[in-house]
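Protein sequences appear in the order of chains A and B. Numbered per the numbering used here, the first sequence finishes at 526, counting up by one with no gaps. Numbered per the numbering used here, the second sequence finishes at 526, counting up by one with no gaps.
To be clear, the hints were calculated from the coordinates, so they are not data collected in a lab. Mixed in with the good hints there might be a few duds.
Since copy identity is lost for identical chains, a pair holds within one copy or between any two.
As the list claims (entries may be wrong) - For lysine-lysine, the following BS3-like pairs were computed, each having C-alpha atoms within a straight-line distance of at most 27 Å:
{"#": "1", "residue 1": "33", "residue 2": "53"}
{"#": "2", "residue 1": "53", "residue 2": "212"}
{"#": "3", "residue 1": "253", "residue 2": "269"}
{"#": "4", "residue 1": "128", "residue 2": "285"}
{"#": "5", "residue 1": "212", "residue 2": "312"}
{"#": "6", "residue 1": "17", "residue 2": "53"}
{"#": "7", "residue 1": "420", "residue 2": "53"}
{"#": "8", "residue 1": "393", "residue 2": "266"}
{"#": "9", "residue 1": "53", "residue 2": "30"}
{"#": "10", "residue 1": "212", "residue 2": "175"}
{"#": "11", "residue 1": "347", "residue 2": "420"}
{"#": "12", "residue 1": "53", "residue 2": "175"}
A quick note: this is a predicted structure, and the numbers were derived from the prediction, not measured.
Number of protein chains: 2
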Amino acid sequence: MLNKVNREIPDDILKDKNYKPFETTEIGNPETTYVAHNVKVTQGDDKLVDSIPDVIAKTGLKNGMTISFHHHFREGDFVFNMVMQEIINEGFQDLTLAPSSLTNVMNDMVIKAIKAGTISHITSSGMRGSLGDFISHGGLKDPVVLRSHGNRARSIENGDIKIDVAFLGVPNADAVGNANAIHGDAVFGSMGYSLMDAKYADKVVLLTDTIMPYPNTPASIKQTQVDYVVKVPKVGDPDKIGSGATRFTKDPKELKIAEMVNQVITHSPYFKDGFSFQTGSGGAALAVSRYLRKSMIQKNIKASFALGGITKPTVDLLEEGLVDKILDVQDFDKGAAASMANNENQQEIDSSWYADPYNKGAAVNQLDVCILSALEIDTKFNVNVMTGSDGVLRGAIGGHQDAANAKLTIISAPLVRGRIATVVPDVTTVVTPGDSIDVLVTEVGIAINPKRKDLIAALKNVPGVPVYTIEELQKRAEAIVGKPEKLQFTDRPVALIEYRDGSLIDTVYQVKD
Amino acid sequence: MLNKVNREIPDDILKDKNYKPFETTEIGNPETTYVAHNVKVTQGDDKLVDSIPDVIAKTGLKNGMTISFHHHFREGDFVFNMVMQEIINEGFQDLTLAPSSLTNVMNDMVIKAIKAGTISHITSSGMRGSLGDFISHGGLKDPVVLRSHGNRARSIENGDIKIDVAFLGVPNADAVGNANAIHGDAVFGSMGYSLMDAKYADKVVLLTDTIMPYPNTPASIKQTQVDYVVKVPKVGDPDKIGSGATRFTKDPKELKIAEMVNQVITHSPYFKDGFSFQTGSGGAALAVSRYLRKSMIQKNIKASFALGGITKPTVDLLEEGLVDKILDVQDFDKGAAASMANNENQQEIDSSWYADPYNKGAAVNQLDVCILSALEIDTKFNVNVMTGSDGVLRGAIGGHQDAANAKLTIISAPLVRGRIATVVPDVTTVVTPGDSIDVLVTEVGIAINPKRKDLIAALKNVPGVPVYTIEELQKRAEAIVGKPEKLQFTDRPVALIEYRDGSLIDTVYQVKD
């Protein structure tokens, strides 16, 4: 059958996996029941464990269980490989891997674990590089399930993801498990995603290189949640956790897009005192922050909050008084991570608070302006951030579907990348439905979602911001790079793209070699 | 049958209420499952409600449900009476009232609600004054269930207390429910007890007199937990939330006890750098803080943390650098409540973290020294903090059973109060089993639990601290005040005293008029 973004959803997947096809971006007011978790009561004096093999034995890990990790250490993560290697060594089979996301530094180990039969199921926010390639070529029998950060929170709360054992690397912890990510050698700032695992996993293992005196505060993860604490030599490489320095782009195309994004924001009805925004990471996002800062000073406008994955330029706005609060689920660079220890208005939030569609109201619902990226965007404004021009998995949903809830959701993307069009008739993979996208900004001009007549009116005469229809932009891209050959896929699904409410929005198939 | 503290436990209560008799203070490592709660999903824009009647209607409150409140406003609470009066007015019947505790300012309203049939069951930490009197004289058909703060956390987590609707007064909140108790007119500092309600109740209503801009941080209660926010004229009287000024006792007897308590602490093996303590409230406790401060300075000893209900003198120790951290579940005075906004090392903790016996390790398990009070203590060191010399309910378990877990638990109490002995052959009501009490300190000397041979050795030659057996102290008290007449009770239970693990430790019967 076809779902509401016109994607063919195989009947057997709807049936076997008990999926509903994607219907709408409106969540409504369903009633739901959060799942219970199991607790082995301890008084706390027996939590320190000497080694990873010992702690694996203590957790009672068994074949077929679900294990989780977080990706806050990003490319500097040492914990995943240490733990996973030991789990492979011990011959465990048929585990489900349910991390908050997978970074490149984990790729080889995941492939190894799949080949050893240790991992047979994966749910993640995304995957890139060799792992994406391996999965897209049919490396895993069961399709990977890809979920947004908010959807992972939802799934953990309602039991779609039931974590048996969470292995969570932290830069510090005391002997009973009070931990934060703002002190120690491998500081990563907000523990956002991992807080869900700490709250809902049956067994929670912390791995740290720094044991603090009791009581270790602030305690983002609390002693009441933790079963075991393992001291390891090093949890991560601080230099690879985030980009060390903040580099603004010098690419004229990116600068032009950033300037136009800023024009769209400042000419929208949302640019007024107390507005809120999420900019994301990357050179263009940083450039937007810089233009936005200037506009805010010029117009004497201050923001009530900035949301999401946080960068140093956003922290600078906080410290400058241009932003009142930061709601921080993840830090993208050292500066943002380090500042958490000192800025009481940089509030750590978990991924439920950030973006969960099935709670009593997440922060994304309060968001005015959001800037997101795209690998592809099509004439229905549907966005692909998951598969490349070769059809191979090379992205992550992250908070894309979630933050697109903002009142003004802007896709910032070049018209073409090299010989590849970004604006296309139909995206290869629908991740975020066009219904939640308001404006596309490219280097040649913008396209406004036709349903946003208010924005069409507001943005029709902005200096330096030509307005096109999205079909015009698509044709313009095609004129530059031509029509690509149609991608060839087998009929075997390798990944299922969930919408944030858990419905099925698209399927990724094995590529034809 | 007789339980392990030799209390007759009626068979029908064991059976009808599915109780186990109290056996041991050892908790062990049971496996338990936390309960799920129900969530009505909302995106957050519909939470502000104009009035208490409106919000009661929205919560779907029904006859037979369980409602909860907290007692952090203590005698300055306006919220309980506002809400309860409306619930009575609307004719609800057969509700269970499950507050964290009941203060005197709530007494008349609770009695009114019982008489109206609105409340038919109560669980609380305790009750005093007119309500204790009313219940002890048979005012409620079903016996009240009395639980420690840690036991309430346990009971909420495992479903023994299932809260349908929590009505939580807060000094501030934003329109979607982010709230703390450190800003606003009616600041009470730590939200400790109420955090359990916010986490586990199906419906959470905040009542506040101060609506803050979004996002209100720090958020002790989070928008993800809150269904409705109601603005009311005033949530509490700041002057009655805690004793405004910190008054040290001038009573020579109390001073003598405090000095001796300090001698016991400083001559115990626990008084060393990095030790921890809980002192509690009241004039004598404050005096202990003062003596302890001097000893710490003299011996150059610093504490790693102070725990529990917190007072200004404890905050002073923190600010002076004599205490590294405060783990704060409740603030007993304005000074302690106010300082939370400024001291990052004054960490708010919920009552599970504080004292829950059935989690992965509470703070009380890490506690070295604890000073507790007693209405009565008997020759088995069992302590009564619940019933007066007339057999009437006039106390609260509070954290008594929980903190008695400390390595050195000291009962600080006068030998006699007026014409009434404190040290008795058998307490009227066993709240905390003698097994967890180590030393009794009175104005004439101390008694050490015979099982603590280490303490007997350590404290045998402390200047100014005569050591007696507890039988000697009991006889001495009896010599002063004589043998009281035996209290007369009917055979009708009016209150069940749970031990912190949920077993039944004692029963309080209706008094004979």
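Original post:
When no copy is specified for residue 53 and residue 30, does a C-alpha distance of 27 Å or less occur within a copy, between copies, both, or neither?
Top reply: between (31 Å within a copy, 25 Å between copies)
Original post:
How would you label the pair residue 17, residue 53 (within, between, both, or neither) given a Cα cut-off of 27 Å?
Top reply: between (45 Å within a copy, 25 Å between copies)
Original post:
27 Å Cα cut-off: does residue 53 pair with residue 212 within a copy, between copies, both or neither?
Top reply: both (14 Å within a copy, 20 Å between copies)
**OP:** Tell me, please, which holds for residue 212 and residue 175 at an alpha-carbon limit of 27 Å: within, between, both or neither?
**Re:** For residue 212 and residue 175, both the intra-copy (12 Å) and inter-copy (19 Å) Cα distances are at most 27 Å.
Original post:
Is it within, between, both, or neither for residue 253 and residue 269, if the alpha carbons may be no more than 27 Å apart?
Top reply: neither (29 Å within a copy, 61 Å between copies)
Original post:
Checking residue 212 and residue 312: alpha-carbon separation at most 27 Å within a copy, between copies, both or neither?
Top reply: neither (43 Å within a copy, 42 Å between copies)
Subject >> Status of residue 266 relative to residue 393 across identical chains (alpha carbons, at most 27 Å) >> reply: The answer is within: 24 Å in one copy meets 27 Å, while 82 Å across copies does not.
Original post:
Using 27 Å as the alpha-carbon threshold, which applies to residue 33 and residue 53: within, between, both, or neither?
Top reply: For residue 33 and residue 53, the Cα distance is within 27 Å only across copies (20 Å; inside one copy 35 Å).
**OP:** Check residue 347 against residue 420 for me: Cα-Cα at most 27 Å, and say if that holds within a copy, between copies, both or neither.
**Re:** The answer is neither: 30 Å in one copy and 42 Å across copies each exceed 27 Å.
Original post:
Quick one: residue 128 to residue 285, C-alpha cut-off 27 Å, is that within a copy, between copies, both, or neither?
Top reply: neither (54 Å within a copy, 55 Å between copies)
Subject >> 27 Å Cα threshold - placement of residue 175 relative to residue 53 >> reply: both (16 Å within a copy, 21 Å between copies)
Subject >> Homomeric proximity label, residue 420 with residue 53: Cα distance no greater than 27 Å >> reply: between (44 Å within a copy, 23 Å between copies)
Of the numbered hints given earlier, the model fails hints 3, 4, 5 and 11; all others are met.
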